[in-house]
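*Asks:* Full structure from sequences and hints, please.
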Amino acid sequence: MTTKPLDPAAEHLLRELAPQVLGAVMRRFRDFAVAEDAVQEALIAAFMQWPQEGIPENPRGWLIQVASRRMTDHVRSDVARRHRETAVAMEVEAAAPALDLEPDMDLDDTLILLFMCCHPALTSPSAIALTLRAVGGLTTGEIANAFLVPESTMAQRISRAKQSIKTSGVPFRLPTPQERAERLPAVLHVLYLIFNEGYTSSVGPELQRLDLAREAIRLSRSVQKLIPDDAEVAGLLALMLLTDARRAARTGPDGELIPLTKQDRTLWDRTEISEGIALLTAALAKGSVGAYQLQAAVAAVHDEAPRAEDTDWPQILALYELLKRMSDNPMVTLNQAIAAAMVHGPSKGLELLRALDADNRLAGHYRLDAVRAHLLEMAGDHEAAITHYRIAAGRTTSIPERNYLMTQAARLGENTTGHRSDHSSC
Amino acid sequence: MKYILMMNTMRAGQGVIEWPKKDLQAHIAFMIGLNKELRASGELVSAEGLSFPDQAKLVRAGKDGLPITDGVFPEGKEFLAGYWIVDVDTPERAYAIAARASAAPGPGGAPLNMPIEVRPVMSGPPPETL
Chain C
4 MTTKPLDPAA EHLLRELAPQ VLGAVMRRFR DFAVAEDAVQ EALIAAFMQW PQEGIPENPR
64 GWLIQVASRR MTDHVRSDVA RRHRETAVAM EVEAAAPALD LEPDMDLDDT LILLFMCCHP
124 ALTSPSAIAL TLRAVGGLTT GEIANAFLVP ESTMAQRISR AKQSIKTSGV PFRLPTPQER
184 AERLPAVLHV LYLIFNEGYT SSVGPELQRL DLAREAIRLS RSVQKLIPDD AEVAGLLALM
244 LLTDARRAAR TGPDGELIPL TKQDRTLWDR TEISEGIALL TAALAKGSVG AYQLQAAVAA
304 VHDEAPRAED TDWPQILALY ELLKRMSDNP MVTLNQAIAA AMVHGPSKGL ELLRALDADN
364 RLAGHYRLDA VRAHLLEMAG DHEAAITHYR IAAGRTTSIP ERNYLMTQAA RLGENTTGHR
424 SDHSSC
Chain X
3 MKYILMMNTM RAGQGVIEWP KKDLQAHIAF MIGLNKELRA SGELVSAEGL SFPDQAKLVR
63 AGKDGLPITD GVFPEGKEFL AGYWIVDVDT PERAYAIAAR ASAAPGPGGA PLNMPIEVRP
123 VMSGPPPETL
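Chains as they are written, first to last, in our numbering: chain C, 4 to 429; chain X, 3 to 132.
It is worth saying that the hints were derived from the structure and are not from the lab. All of these numbers come straight from a predicted model, not from anything done at the bench. Don't take each hint at face value.
What the hints assert, rightly or not - Simulated restraints on C-beta separations: (1) X:Glu39 with C:Ala184: 32 to 42 Å; (2) C:Asp76 with X:Val18: 38 to 48 Å; (3) C:Asp76 with X:Gln27: 34 to 44 Å; (4) X:Asn115 with C:Ala83: 44 to 54 Å; (5) C:Lys228 with X:Val123: 17 to 27 Å; (6) X:Glu39 with C:Gly416: 25 to 35 Å; (7) C:Asp214 with X:Pro93: 27 to 37 Å; (8) X:Glu39 with C:Lys265: 41 to 51 Å.
Backbone N, C-alpha and C fix where the C-beta goes; we use that ideal spot for every residue, glycine too.
*Replies:* This is how it looks when you write it as structure tokens:
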């Protein structure tokens, strides 16, 4: 079947409506797993029909109609299968009040769904896939393509995730303030992972992949609208914007990584930077500083430097020291080591790295060797730097990263005059 | 995290082709079942079986850039018989799948315990900064 593609505005509308429609269908039929499938079918129907027939006058109502029809079909066939026609049919009638069109419930629904999809019972990949489908309104095919797995594999992963949620017996309602406080970090982490996946893989053959970074920003924007008083939600959105702003400068024409110090800063997106900084400033003023806000602040310091050599490293170092006090995470120490080297010289940074050698969480992680190589190069020990660039190249699982690290080693091998530092924290 | 699981066989000796029908069928059913399981668990990215090694050609470019093919291989060499690419949460899970494949039934239904080479596919996951 050949169809015109849906225009971007209509597609955006569909994605915004997806969780609202799912919420409405859920409240009528209560079964999350089946309702989610029905909404997916309604979205696909819209993708097929809207370009031909135009957007219906009440798109939300249209989608609810189609999804509800699918639900009814499903329940009917279920009934037939179970030979309990009368009893279940009555149950369906009772569970399906008149089409509800209370728009004020919609926004809450998006939040409820997001908390459901980022359920602690799920692994990150499952939570990500389910969030993109149920809250993001993406099709299974698009999600599968984004993660380079077959559609059937992604479909299985999603249906298993829904099964886990069902087994866990989470009710479909807004989490209490206490539950919300407990579970918000998991929700933000899933959004962060979606962003990270999209941002770091925007190279080469992946060019036609769905833009996960943009999708993460869109989802975070809606969460921020729904929970405007939470400083960390704003911090996460700011972090995404301030990082995404450098996207065009981050890779060369063939997808090769360009480190922060070598990026063409005129390519940075000023609109995203000012939006990110405004969000961050407002968030910090609330006085409950968190890890995302601090990360965003580091990104902002980089973004505000007209040239690499203008970077306010003492401020970045101070931010990482704060971050370290807040979370016991070896990745923070790695970044702190780079900042310390820029402020106090490489030996200070290498000293911080030595403390990480005993940390099991980083054992065999390429980033430790990559940073060590970089600091050794700064210290003028090129032979040791080459060794660690090569160890790091052998340990990373990303091709662009491996190419970058091998090239660093090769460059040092050829040219012992010693370049100014360029590090891959981009 | 994606892993490739490579199943190697010797050119001679481990010839499935010479097994009794019952053993052959058990082996084939096992492999089909394993793929079904991996598909159902949402972990299978792809799985392919390769033709027998006697169909293999070794190709090199000659001075003119045209292919020069060679079809004679040393007897003792190991050949790739097939592979799976799986997308799993941990390396341990990839090893567990490899162990299952390794124990595929051979002659008399006894597990073959063949070596399966497991290696990460260069596809992320991206480094996390938090």
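*Asks:* Is it true that aspartate 76 of chain C and valine 18 of chain X lie within 38 to 48 Å of each other by Cβ?
*Replies:* Given range 38 to 48 Å: holds, Cβ gap about 46 Å.
*Asks:* Taking 34 to 44 Å as the hint, is the beta-carbon distance of aspartate 76 of chain C and glutamine 27 of chain X inside that range?
*Replies:* Given a distance of about 40 Å, which is inside 34 to 44 Å, the answer is holds.
*Asks:* State, for the Cβ atoms of glutamate 39 of chain X and lysine 265 of chain C, whether the hinted interval 41 to 51 Å holds or is violated.
*Replies:* 48 Å, holds
*Asks:* When you take the CB atoms of asparagine 115 of chain X and alanine 83 of chain C, is the distance between them in 44 to 54 Å?
*Replies:* Because 48 Å falls inside the window, the suggested range holds.
*Asks:* Between glutamate 39 of chain X and alanine 184 of chain C, does the beta-carbon spacing fit 32 to 42 Å?
*Replies:* 40 Å, holds
*Asks:* Between lysine 228 of chain C and valine 123 of chain X, does the beta-carbon spacing fit 17 to 27 Å?
*Replies:* 38 Å, violated
*Asks:* For the pair aspartate 214 of chain C and proline 93 of chain X, does the Cβ-Cβ distance stay inside 27 to 37 Å?
*Replies:* Roughly 29 Å apart at Cβ, these two residues keep to the hinted range, so it holds.
*Asks:* Do the beta carbons of glutamate 39 of chain X and glycine 416 of chain C sit within 25 to 35 Å of each other?
*Replies:* 47 Å, violated
The earlier numbered hints that this structure contradicts are 5 and 6.
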